[in-house]
Amino acid sequence: MFYLIIDILGTIAFAISGVMVAMDKKLDLFGVFIIAFVTSVGGGTLRDLLIGNTPVAWLKDPTFLITILSAVVIAIVFRNKLKYLRKSLFLFDTIGIGLYTMVGIQKGLLIGLSPIMCIGLGTITASFGGVIRDILCNEIPVIFRKEIYATACILGGVGYFLLRKLPITDAYPYVGGIIIVIGIRLLAVWFKIALPSIYKN
Amino acid sequence: MFYLIIDILGTIAFAISGVMVAMDKKLDLFGVFIIAFVTSVGGGTLRDLLIGNTPVAWLKDPTFLITILSAVVIAIVFRNKLKYLRKSLFLFDTIGIGLYTMVGIQKGLLIGLSPIMCIGLGTITASFGGVIRDILCNEIPVIFRKEIYATACILGGVGYFLLRKLPITDAYPYVGGIIIVIGIRLLAVWFKIALPSIYKN
Amino acid sequence: MFYLIIDILGTIAFAISGVMVAMDKKLDLFGVFIIAFVTSVGGGTLRDLLIGNTPVAWLKDPTFLITILSAVVIAIVFRNKLKYLRKSLFLFDTIGIGLYTMVGIQKGLLIGLSPIMCIGLGTITASFGGVIRDILCNEIPVIFRKEIYATACILGGVGYFLLRKLPITDAYPYVGGIIIVIGIRLLAVWFKIALPSIYKN
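Chains as they are written, first to last, in UniProt numbering: chain A, 1 to 201; chain B, 1 to 201; chain C, 1 to 201.
No lab work stands behind these hints, which were simulated from the structure alone.
Treat the hints with care, since some could be wrong.
Copies of the same chain are indistinguishable here, so a pair counts whether it falls within one copy or spans any two.
To be verified - Using 16 Å as the maximum straight-line C-alpha spacing, the simulated EDC-like pairs for lysine to aspartate or glutamate come out as follows:
no. : residue 1 : residue 2
1   : Lys83     : Asp93
2   : Lys165    : Asp24
3   : Lys192    : Glu147
4   : Lys81     : Asp24
5   : Lys87     : Asp24
6   : Lys26     : Glu147
7   : Lys83     : Asp24
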């Protein structure tokens, strides 16, 4: 129940971030919906394709589609007020990537992948929806250029596997991993920390 | 036999639309062929990947490859005359998306998906070849910006499921759905109807 | 052992080519790594998705990840010296696409695909990592515009199937195919041969 609420909040935050990018490009109604949809489910879909978990989840469970459709309609209606929600949306988004990272890691563990690959799957789950969104909007993905985003996912994943070595029940590492992702992202934004750009001198 | 002819005509129309976009970008021979190929089979390929129907269809049946290769060669040879075929190509393309929508819906029904997801698969089948074409050509997909295209697929799919509720044999809803897709697209182009763009005031 | 060394050299060359493209776009550390990674494994990943060979290879074998990570770190540290390696990197890259073409063909033969589709899979394996790299960097893929690249793969594949008709052990066609790919690419670069661009007069 608790996880479900986080999942729904994350899905909504991702969908609205898609709506906002799509509006900047002046896409039509269908385009806005597709961008919102891929931002929300794109990462999990890529993960499921890579591990062969098909049909992909959103085809079997209409919850995602209905949630995203509702979020898109509401976001479009209140599109001139979204700026007042900026902080809430950032928070939902951050909680969402924390949860998605852990969901991706669990999927990897279920099929017996090594921790490093599980962390990779978690990072893909949390961050590649945004990558596909940016590609469809003809932009170089923002997470390749600035912001601590994927880095937070990777470190949260590392934290999860370290915590799992302690003699505690499995829920603690799970929640601990989410908290690490959220904490690093908040600190990075707070202190304006970003990965260095790489270019020739 | 009837469906096969429509399928071949649709494949050809999609391939030639790919050739025309690729020529605008002055791609080389290989680039033109790849763009034509993904325009034709990209939607069905994405659908098959999402539902886990692999190896994807065109790997198992060389008909698509041969049809597309022939269409590309002919389109390149007569590239300065293609404008005279604009209306025929538009018609083939429109018939093609009608058929592809129904093909996608059938694939969804076969694996027991809900009607709404079947309609989604049909729309992906009919319209995402063009999306991949535009991404490879470094453009924001045209169907996200203007034209009633995906909307026609969605409404045709809704029509199909409504017609299926009537006590008639299954061929009628199938053909009915195709006719709805074609009709809406023709009306939209005729009356210059497009979805509204969404942007901040 | 011999193939493994070629494979590692090819992976490294592909990864460094990714680093160089990513540096031109001034991506951050994560972006550079992802571009290097998809350049190396993107073609094989797309091939595995199309034939349903999942989980994809790099999830199961950390060799690729470790090789690419090491290559990225070294390439970044020595980023101002990479130009002195231009010729070696071109050679590794060329040997790499020769090998990757044959690897893709073998995967197709294993699941009983026709020679023409096996050649398609080989070409995808060798050249679509670069396509995904360019898409993520918001460029029209370079292999659609200039350079004999995919063409060398296709002709190497044709050579392989022709050589297989001779009464010789299977290693000869395999190595023969690689040599054909390498030879055509070197000749094309040497004599500055490219496919013709296609556009309206």
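Which numbered hints are broken by the structure, listed smallest first?
Hints 2, 5 contradicted; others consistent.
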